[in-house]
Structures are given as structure tokens and as C-alpha cells.
Amino acid sequence: LALRAGNEKDDDQADTVGCCSLRVEHIQLHKEKDGKEYVVVFDFLGKDSIRYYNEVPVEKRVFKNLELFMENKRDSDDLFDRLNTQTLNEHLKDLMPGLTAKVFRTYNASITLQRQLDELTDPNASIPEKILAYNRANRAVAVLCNHQRAVPKGHSKSMEALKEKIQAKRDQIDEAEEDLREATKAAKRGSVKEKIAADKKKTALERLKEQLKKLELQETDRDENKTIALGTSKLNYLDPRISVAWCKKHGVPIEKIYNKTQRDKFRWAIDMATSEYVF
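Anchor point for the sequence shown: position 80 equals 80 in full-length UniProt numbering, and the numbering is continuous, going up by one each time.
For the record, the hints were derived by calculation from the structure and aren't laboratory data. Be a bit skeptical, because a hint or two may be false.
Claimed, not checked - In the PhoX-like style, the derived pairs of lysine-lysine whose C-alpha atoms are separated by at most 25 Å in a straight line are:
#1 K200 / K185
#2 K47 / K36
#3 K47 / K60
#4 K165 / K93
#5 K165 / K188
#6 K188 / K201
As the list claims (entries may be wrong) - Have a look at the derived ranges for each label pair, beta carbon to beta carbon:
#7 K226 / T87: 18 to 24 Å
#8 E129 / N236: 42 to 48 Å
#9 L162 / N259: 19 to 25 Å
#10 R149 / L1: 19 to 25 Å
#11 H155 / E276: 48 to 54 Å
Glycine is no exception: its CB is placed at the ideal position from the N, C-alpha and C atoms.
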């Protein structure tokens with residue numbers, strides 16, 4: 001579930017919900033839903049008033065216990081009325097030193113990133129393609145942790161500008177292809193100089209195609225992430241050694257993943273993690 005523990009809010013903060021502060025109104029129980037048995041539907045506002053909605057099949061025992069916890073309670077009553085984050089964390093520390101509710105969330109985030117990177121990364125891909133794969137893996141974590149955001153105000157304008165760049169690049173490619181056709185014809189019946197000119201035009205065309213592919217990947221990446229806050233999980237929930245090891249293993253410059261402030265923060269991971277590190 002990757003739920004927050006649900007710390008008590010201050011009077012001047014918006015009402016936000018986590019595991020310990022769930023109320024009866026925040027869940028619905030279905031013995032059968034969409035062909036699945038014992039489904040719990042979570043629906044509430046999480047941190048920063050972002051809606052959390054999840055339909056989760058659970059074990060019968062869990063389902064029955066939740067029914068008991070909801071018995072004779074109003075919608076506004078606490079689901080776990082004898083539990084708070086302090087008692088929960090004290091219990092967890094008894095089980096293992098340093099274990100807290102947040103550890104589960106950070107572990108789930110990090111193991112998700114590791115698995116997604118293993119699944120999505122093509123070792124033979126270009127650097128821009130690998131960066132797109134990384135951002136998609138990071139997005140899976142952000143979705144898990146409910147790190148959403150409103151579409152940025154300037155998104156439409158920036159996408160329009162990017163589309164114009166892409167179209168301009170396609171026009172350049174059309175011209176370059178025509179130039180290459182003419183140069184190739186001339187080279188077949190011409191001098192060494194004309195053959196060299198044809199080779200140069202071929203190289204220029206390949207470079208333009210690479211530039212187009214990079215722009216198209218940028219367009220895909222920007223559009224896919226318009227409602228997802230990738231930075232939150234990257235800074236607060238993901239073990240940075242995973243990203244550092246991935247960069248070293250796949251030849252991706254670390255500055256493509258972490259900006260200068262982030263590199264300073266995670267200097268220990270950059271120095272520690274080798275390309276062999278696996279979370």
C-alpha cells in the first residue's frame with residue numbers, strides 16, 4: 001500500500017490521512033468486487049490534499065478484522081482507535097532496532113525502483129532512451145507513493161514549443177534526405193571529391209535523425225510526467241545507491257539523474273556504490 005504512518009496534523013494544516021489516522025469513512029469493504037474476493041477500497045486525501053484511491057484484495061482474516069474494527073462506529077470515528085504512530089513505532093522498534101513505519105514505505109519505494117530499472121533498461125539503448133527508462137521506473141515509484149501534482153501551468157506552452165522543434169527537425173531531415181539523394185547520384189558518376197561530399201551529407205542526416213529521436217523522447221517523457229512529482233521520491237524515499245549503480249553500469253552521466261544539489265546530498269552514495277550494487 002505504501003501508506004504514510006499518518007501523523008497528527010496541526011490545527012493550521014489541511015486534514016491529511018495515513019495508516020494510523022484512517023477513519024471508517026475512508027474505506028469500503030466488498031466481499032466480492034470485479035471478480036476478486038475480500039476487496040478493501042481506500043479513498044481519502046493524503047499529504048498535500050492529494051487523493052489516494054486503491055482497491056486491494058486482502059486475506060479473509062484481514063477482511064474480517066476490518067469488519068470488526070468498523071462495528072458500531074460512525075463514519076467519522078477512527079478505524080484503528082487504539083493505535084497512533086508513537087505506539088506503532090515503539091512496537092516496531094521492539095521487533096528490530098531502527099524499524100519505523102516509514103521504513104516500510106522507503107523499502108517498498110526502493111525495491112520498486114530496482115525491479116523497474118532491471119525490467120525497463122535496455123543495455124544497448126542510447127543515453128536518452130536509458131534516461132526515459134529511468135524516469136519511467138521513477139514514475140512507478142511516484143505512483144506507488146501517491147506523489148501526484150497538478151499539471152504545471154506552462155505545460156501546454158512548453159509542449160507546443162517542443163512540437164514545433166520536432167516539426168522543424170523533420171523538415172530539416174526531409175531536405176537532408178533530398179540533398180543526400182542528389183549527392184549519391186553525383187558520387188556514382190563523379191570524382192572522389194563528390195564521394196566525400198556524399199559521405200558528409202550522410203553523416204549530417206544521421207546526426208539530424210539522432211537529434212529528432214532525442215526530441216521525441218523528451219516529448220514523451222515530459223508528457224508522461226506532467227501529473228507526477230518525480231523529485232519527492234528521488235530525494236526522500238529512494239536509496240540513492242540504486243540510481244548511482246545504474247548510472248555506472250549503463251554509462252549514464254550521474255548529472256543526467258541528479259542535479260548539483262542532489263549530487264552534493266548523495267555524495268556518500270556516489271563514492272560508495274559500484275556498478276555491481278543491487279538493492
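Can you tell me whether the CB distance of L162 to N259 sits inside 19 to 25 Å? holds, 21 Å
R149 paired with L1, Cβ distance criterion 19 to 25 Å: holds, 21 Å
Is the straight-line distance between the alpha-carbon of K47 and that of K60 25 Å or less? violated, 30 Å
Does the structure keep K47 and K36 at a Cα separation of 25 Å or less? violated, 29 Å
Given the hinted pair K165 and K188, is their alpha-carbon gap at most 25 Å? violated, 34 Å
Holds or violated: K200 with K185, Cα cutoff 25 Å? holds, 14 Å
Could you check the hint for me, namely that E129 and N236 are 42 to 48 Å apart, CB to CB? Violated - the Cβ-Cβ distance for E129 and N236, about 27 Å, lies outside 42 to 48 Å.
Distance restraint between K165 and K93, which requires alpha-carbon spacing of 25 Å or less: Outside the cut-off at roughly 55 Å; violated.
Taking 18 to 24 Å as the hint, is the beta-carbon distance of K226 and T87 inside that range? violated, 40 Å
Is it true that the CA of K188 sits at most 25 Å from the CA of K201? holds, 15 Å
Can you tell me whether the CB distance of H155 to E276 sits inside 48 to 54 Å? violated, 39 Å
Hint violations for this structure: numbers 2, 3, 4, 5, 7, 8, 11, all remaining hints satisfied.
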